[in-house]
Amino acid sequence: MKKQMIAMLLAGGQGSRLGALTQGMAKPAVAFGGKYRIIDFPLSNCVNSGVDTVGVLTQYRPLQLNTHIGIGIPWDLDKQFGGVTILPPYEKTGDSEWYTGTANAIYQNMEFMEQYNPDYVLILSGDHIYKMDYEDMLNRHRQTGAEATIAVMPVPWEDASRYGIVVADETGHIREFEEKPANPRSNLASMGIYIFNFSSLKSALEELSHVPHCDFGMHVIPHLFRKNDNLYTYEFNSYWKDVGTLSTYWEANMELTDLVPEFNLYEEFWQIYTASEAYPPAFVAREATVHSSVVGDGSLVEGTVIHSVLGANVQIGAGAVVKDSVLMNGVVVGAGAELDRAIIAEGSVIGAGTKVGTGSFAQSQLDPRVYNSDITVIGAGSTVPEGVTVGRNVAIIGKTEQSDYPDGNLPSGAYIIKKGVRS
Amino acid sequence: MKAVGIILAGGGSERMQALTQKRAVAAMPLAGIYRSVDFALSNMSNSNVGTVAVLTQYSTRSLNFHLSSSKWWDFGRKQGGLFLLNPTITPENGNWYEGTADALIQNLDFIEERHEPYVVLASGDGVYKLDYNKVLEQHVATGAEVTVVCKEMSGAESGRFGFLKTDESGRIIEWAEKDEHGPADGLVNCGIYVVRRRHLVQILEECQRKGGKDFVRDILIPSLDKKRIMCYRHDGYWMNIASVESYFACNRDMLDPALRRYFFVEEPVIHTRVDDNPPAKFNGVADVSNSLVAGGAIVNGTVEDSVLFKKVYVGDGSTVKNCILMNSVFVGDNVWLENCIVEARTKIADGTRIAGDPDDIRVIS
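Line order of the protein sequences matches chains A and B. Taking this note's numbering, the leading residue of the first sequence gets 1, the next gets one more, and so forth. Taking this note's numbering, the leading residue of the second sequence gets 1001, the next gets one more, and so forth.
It should be emphasised that the hints constitute simulated quantities derived from the structure, not laboratory data. C-beta atoms are modelled at their ideal positions from N, C-alpha and C, and glycine is treated no differently. Be careful, since some hints might not be right.
As the list claims (entries may be wrong) - Stretch-level coverage of chain B by chain A, calculated; a stretch enters the list once three of its residues show a Cβ under 8 Å from a Cβ in chain A: (1) 1043–1053; (2) 1284–1297.
Stated by the list, open to error - Residues on chain A that point at chain B, a partial pick, calculated with CB under 7 Å: (3) 2; (4) 167; (5) 168; (6) 280; (7) 294.
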């Protein structure tokens, strides 16, 4: 038994730039778009592309991911041969180690890949929102006879130095490869999606097995480039969104509320699948106002929701106003509360009359590299008590009480991380 | 639980007008994402009835599709699980199911071969939450031969229900089957029965010998004076949806947050087949009040006091009032719909105005 192509999905990273959102779970498990988790996009792409064997490599806080993926039923990845397999790091005789880099993680799962004796291996990461036909990419890979094909997309020139940049000729034959160059000579950015001939991947990983923190962009691709010079690009020109920072995460959610979103989840073609339970439809009460928003199943809106994304089973109390915000599953917003540009993670409770997102921006006292916009973030399972005022660019994690808010106020840029919160 | 479940889901209904042209009553969509049979099925699953047969006959495609995987109700088990029993041609028999008793008689071998001591019989068109274990407990405690689940009703639609009278012990002593001139108030048969399996086999065989076809008319009513047929009073919500009026009323009832909480939040909840629809989308000019909006729906216009099922679209400048819009109904721009039930996948052209009466709901198909 063999598979033509299997996918290896790297889902072990914390995604520390998502701050409070990844406090308790890995980035691929973070909720998105009122229903989904980020990993649903690459997983659904696999199934829709005919890739029915996926190894999901987990490491950082995998509980949510494991629960979500289970045996793969929502993606039809519960299969007799193949399907989805969760691959955590494991102990070995001799030198056991964590996954120390993207390529190292794949190297440690060589046995898993060999089980399927694949011709090709697709490497994916679990932190982008996009719909992509990997079969089309494989066709291109086979036509060019490449050893490895790198999915690339044109990015604005001013952003190019943030990416791995590929310089290719008109046939897509890669001439140069630069990781985060200061002076980029191309604006084709690597999307972190690769197809390798399994034999090439295997020998490259073995040759590089001594390299600490072995990484695809830093080590494997340059190694293959130097060795055989047979790498090609696959150019992708559709919607592709890195949701690795709080502001890009917020923006990508907000885009879903556009009249006709560029990333359209309402098409029959190329559906996105997720693990969801049966909840009754969203209910909008008589006095409520909801517009320019998406609202998840089971939610109950008695207040006002404008330009926001609400997950499943969210409750918005009477007189509450939610604007420009992302509320994940099970969030409860008390009567009369006001939220402006807030991201509220799963199961958090905002007390009645509390205001979140007031005043103007102030630099974060917690971590200006993570918290650098006017978005206030409240981590999963947190509580904000009744009647307090919370500024912008604030982070709150844990069950807070009135006494945590001197004068009932938490100014912009401040933070509360309660003791006892897992970190 | 020590019982096997049988759900009678074979029927259509003339009282549902065009709505059951395409599907059996048991497959009627309810509350935005559910179907009628989900209630009986979930009650079975939630009562730990591990083996359930669903008897189907009338317009089965929609129902079969809904039940094509049993995992939603947790029936995807190695032992037991979900059985779909539709009429089949055998050397002994080439007839359709000619009544409730006949349907069971044609599946006597299934009932005989089970090992559970009891049988829970339920119809697929009831909307209710019930722990069948409680019915069974009472059944055993009272030494009944058959226990019938009943509900006290007032103002019931005439001719749709059998009305019962009991003595002080709860034994049924009078049973008036569906009669157009019958009462509107009283104790109504919910179509849910608990009976010892061997006893069921025995009474079905006897019924077959006499050429009987109907479980109530030919088995229960004739034996009222000979057998202890007991009533189990169900106090919670119960609605039979097999008429346009009750179907509409039941969907409207689901606008009550307390009732939704009872069915869909408080454990054990009602389960259904889950689709991959994105969340409901409310565009810039949407104005929705007192309404349910299911996943995949997109609303641009005004929606009041309505239930919008999965993937419904409501266009610009349109108004939908007191309506049930079933799956994938497309309402164009500047449409006015009032007091209507719109059949699944119907397209309502731009500028259309259709208004039923609150007491005479229009069915559009």
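To see whether the hints hold, each was checked on the structure:
1. Here's how the segment 1043–1053 of chain B fares: 0 of its residues keep a CB closer than 8 Å to some CB of chain A, so the rule of at least three is not met and the hint is violated.
2. A stretch counts as covered by a chain when three or more of its residues have a beta carbon under 8 Å from one of that chain; for the segment 1284–1297 of chain B and chain A the count is 14, and the coverage holds.
3. Contact between residue 2 (chain A) and chain B, as hinted, is not supported at the beta carbon level, the nearest pair being about 29 Å apart and thus beyond 7 Å.
4. Proximity of residue 167 (chain A) to chain B is violated relative to the hint, the smallest CB-CB distance being about 38 Å (cut-off 7 Å).
5. The interface hint given for residue 168 (chain A) is broken, as the beta carbon of that residue sits about 36 Å from the closest beta carbon of chain B, more than 7 Å.
6. Of the supplied interface hints, the one on residue 280 (chain A) holds, with its beta-carbon coming within about 5 Å of a beta-carbon of chain B, less than 7 Å.
7. At its closest, the beta carbon of residue 294 (chain A) sits 4 Å from a beta carbon of chain B; the interface hint therefore holds under the 7 Å criterion.
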